[in-house]
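Visitor: If you're matching them up, the sequences are chains A and B in order. Numbered by full-length UniProt numbering, the letters in the first sequence go through residues 1 to 433 in order. Numbered by full-length UniProt numbering, the letters in the second sequence go through residues 1 to 433 in order.
Worth flagging that the hints you see were computed from the coordinates, not collected in a lab. This structure is a prediction, so every number in the text was calculated from the model and none was measured. Treat the hints loosely; a few may be bogus.
[Unchecked claim] No farther apart than 27 Å at their CA atoms in a straight line, the calculated lysine-lysine pairs in the BS3-like style are these:
no.: 1; chain 1: B; residue 1: 181; chain 2: B; residue 2: 387
no.: 2; chain 1: B; residue 1: 87; chain 2: A; residue 2: 128
no.: 3; chain 1: B; residue 1: 68; chain 2: A; residue 2: 128
no.: 4; chain 1: A; residue 1: 68; chain 2: B; residue 2: 68
no.: 5; chain 1: B; residue 1: 181; chain 2: B; residue 2: 160
no.: 6; chain 1: A; residue 1: 201; chain 2: B; residue 2: 181
no.: 7; chain 1: B; residue 1: 160; chain 2: A; residue 2: 160
Protein chains: 2
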Amino acid sequence: MTVHNEQRSWVESANGHSDFPLANLPLGVFSRDGDQPRGGVAIGDYILDLRAACEAGVFDGQALEAAKAASVSSLNAFFALGASARKALRGALMDLLAEDSAQRERLQGMGESLLQPMNRCQMHLPAKVGDYTDFYVGIHHANNVGLLFRPDNPLLPNYKYVPIGYHGRASTVDVSGSTVKRPNGQTMPPGATEPSFGPSKRLDHELELGIWIGQGNARGESIPIGEASSHVAGFCLLNDWSARDLQAWEYQPLGPFLSKSFATSVSPWVITPEALEPFRCAQPARAEGDPQPLPYLFDQQDQQQGALDIELEVLLLTETMRDKGQPAQRIALSSTKNMYWTVAQMVAHHSVNGCSLQPGDLFGSGTLSGSSADSLGSLLEITQGGKLPLELPSGETRTFLQDGDEIILKARCRRDGQASIGFGECRGRVMPA
Amino acid sequence: MTVHNEQRSWVESANGHSDFPLANLPLGVFSRDGDQPRGGVAIGDYILDLRAACEAGVFDGQALEAAKAASVSSLNAFFALGASARKALRGALMDLLAEDSAQRERLQGMGESLLQPMNRCQMHLPAKVGDYTDFYVGIHHANNVGLLFRPDNPLLPNYKYVPIGYHGRASTVDVSGSTVKRPNGQTMPPGATEPSFGPSKRLDHELELGIWIGQGNARGESIPIGEASSHVAGFCLLNDWSARDLQAWEYQPLGPFLSKSFATSVSPWVITPEALEPFRCAQPARAEGDPQPLPYLFDQQDQQQGALDIELEVLLLTETMRDKGQPAQRIALSSTKNMYWTVAQMVAHHSVNGCSLQPGDLFGSGTLSGSSADSLGSLLEITQGGKLPLELPSGETRTFLQDGDEIILKARCRRDGQASIGFGECRGRVMPA
């Protein structure tokens, strides 16, 4: 497949600063006016309707097979097809949507039956989530949270050997734009001798990279690190909403449960590994003196090219800011370079015990904070456990999220000589308990 | 509905000591000779084929609706119908299968097209598991495990307030009879400075009660404790296979992950709440001086009648015992009376933050050990962390499970004046890594 990273599209809004230029072509599931959700591809300000495209006969061969699988109400079957079908569809879409496409006039003639205006469509969860696993590979986050509990020894001894993860709740993964109802639960207030019950007072966001699993592995057979990347269908933004007061009281000895299971939000567009290929980099988060990964987690190519260079952003929009017409305020600027473990290492680790991964499984990376004060991916870190309120341009302060607050995650890839691509948004507004 | 607990069936093998007398009537999914898996009801040594029964026109009204929903390859749709439909089906089945049934001759005339010999059938997972949650409500287990790590303070401060649980892996829940491949993974051997990789050396079983969720709750709406029981579709035995050496190294700070996700086994028959009704009892595991449950976990009727009196058994059959023709050796006899929290409390807690439960979700109770040495539900407890080998009649000893070992869980309910019912078996044999 030819990569046309700087090529222009005849869809004018795809050229310039769009999150979705010709080089991106992410897949998602959309509907319009309450009709049946179906698969589409983002291009500029439009969504290419894959069902309409299939019916118009613009695909053939493996691209047609992939487009059909992606044209229904969830992308699981498309994910299951794997990399070769996905690349065939990408190649065909690039040819169709390029400025010099031979099909340009015909496709333009189809108007909105082919290209739906994105702002008139509703997005849905791109796949039915089988299992959701949340990792903890953001080393600065692990360190920052560890410092709050164990100032002398923030990183536990297993951290640089084990890509720490835990099982999350699949039934409460939502697409961006869904509201987040503040959870009720038990907390043990400081100094109290008995727990209280009520709405969480320490509701927080977590900035994470989401990973959609493509082809699975047979039960009992692990995925070798060298093949792990081929089991990834794509990427998104993920907000692992967390009730810190519930978490502090419940998490010993078996980990977070109700403090996380009320909601997890993901951005709707599945950014493909092909679109991210130009933004691969060497493993940046390992330091001099860190242990060598065990052999099942070590692959030379993964070390040299398996990490990702994606700029991540968290914005906060309060009710007051919304009322005053103020824009959302950026409260963190971070990067996927803060991942201590690569996505391939996460996949290899998860399956090394024979656990079967399945198409549509979702991974969260864990919170991706940087090392500086303006790069922290949760309010727990920004406010040092609620001690240092965050000051906002509206004159308000925040320790944790208040009802009406909206968190917006964004991501963008930039590299000289490459078309910059974006992830779209992962938005969620907090509603009262 | 009339309860005919001591009534006899015209299916002779259902009378006497069968796990599946007329008073039980559990549902499951079976196939024969590789044909399409479908729903059935256990009666004595037979499985009543629900599809055949529906086609024969023996049901009507709500019972027919329930039988149809339960006649397909998974019971999720049947679970979703809730208690009223389930009770209607139970009433109809009791009438059909009772010794004095008006339909007896006609049904007997259908032979194996209606009643399949159980020993010629294969059982399948009864439902597609959406999310699997493992609790920790066995107080003696929590205490015993706590003692191994914190001799002075075995139970953590949250234990008697919070029904502790964590998310498990849904994709690796298997039906009884599936083999369990010993998992590979990282461990930190005692005295070592770097972790090792290889097959787990401390593979263990855990004796648990499984709970199948029926009707779910809408997202954001919790299930009140008084209504929680009506969201339970049924019960099974569950073996939460555990790799203790992987667990010890990985579980801080986010809980068990790969040490559990390689396999979870469940018994195939879904024992209904109606069949267990005579074996309800008052909450037995709370002690004098224990705190009162918080209001969202407290219901008078649940305290008085919400616990279960089910006898639980663990048997071990080694390769050598199998070769010598020796029977499996009982290594534990315990009870569901060792649950500190009731199933209704688990349901109310799980949903109190607005988390949506769905038909086919599975809960594990956590290991149900008793307080005596012969009632311990895991080898970790029996051998005190591998220090005191278990001696077997074959002359062998075990600290943890060896390849070829088979663990068999059983359960039976007995009460004066009631027909005794059983759960069938939950079996799994360990295979080499």
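Visitor: Confirm or reject each hint.
Guide: So, going through the hints one by one against the coordinates:
Between the alpha carbons of residue 181/B and residue 387/B the distance comes to roughly 24 Å, so the proposed pair stays at or under 27 Å and holds. The straight-line distance between the Cα atoms of residue 87/B and residue 128/A is roughly 32 Å, outside the 27 Å bound, and the hint therefore fails. Taken as a hint, the residue 68/B and residue 128/A pair is honoured in the structure, with Cα atoms around 26 Å apart against an allowance of 27 Å. With a C-alpha separation of about 32 Å, the suggested pairing of residue 68/A with residue 68/B is violated against the 27 Å cut-off.
Distance check on the hinted pair: residue 181/B and residue 160/B sit about 36 Å apart at the alpha-carbon level, beyond 27 Å; violated. This hinted pair does not check out: residue 201/A and residue 181/B have alpha carbons roughly 44 Å apart, beyond 27 Å. Between residue 160/B and residue 160/A the CA atoms are separated by roughly 35 Å; this puts the pair beyond 27 Å, and the hint is violated.
Comparing the model with each numbered hint stated earlier shows that hints 2, 4, 5, 6, 7 do not hold.
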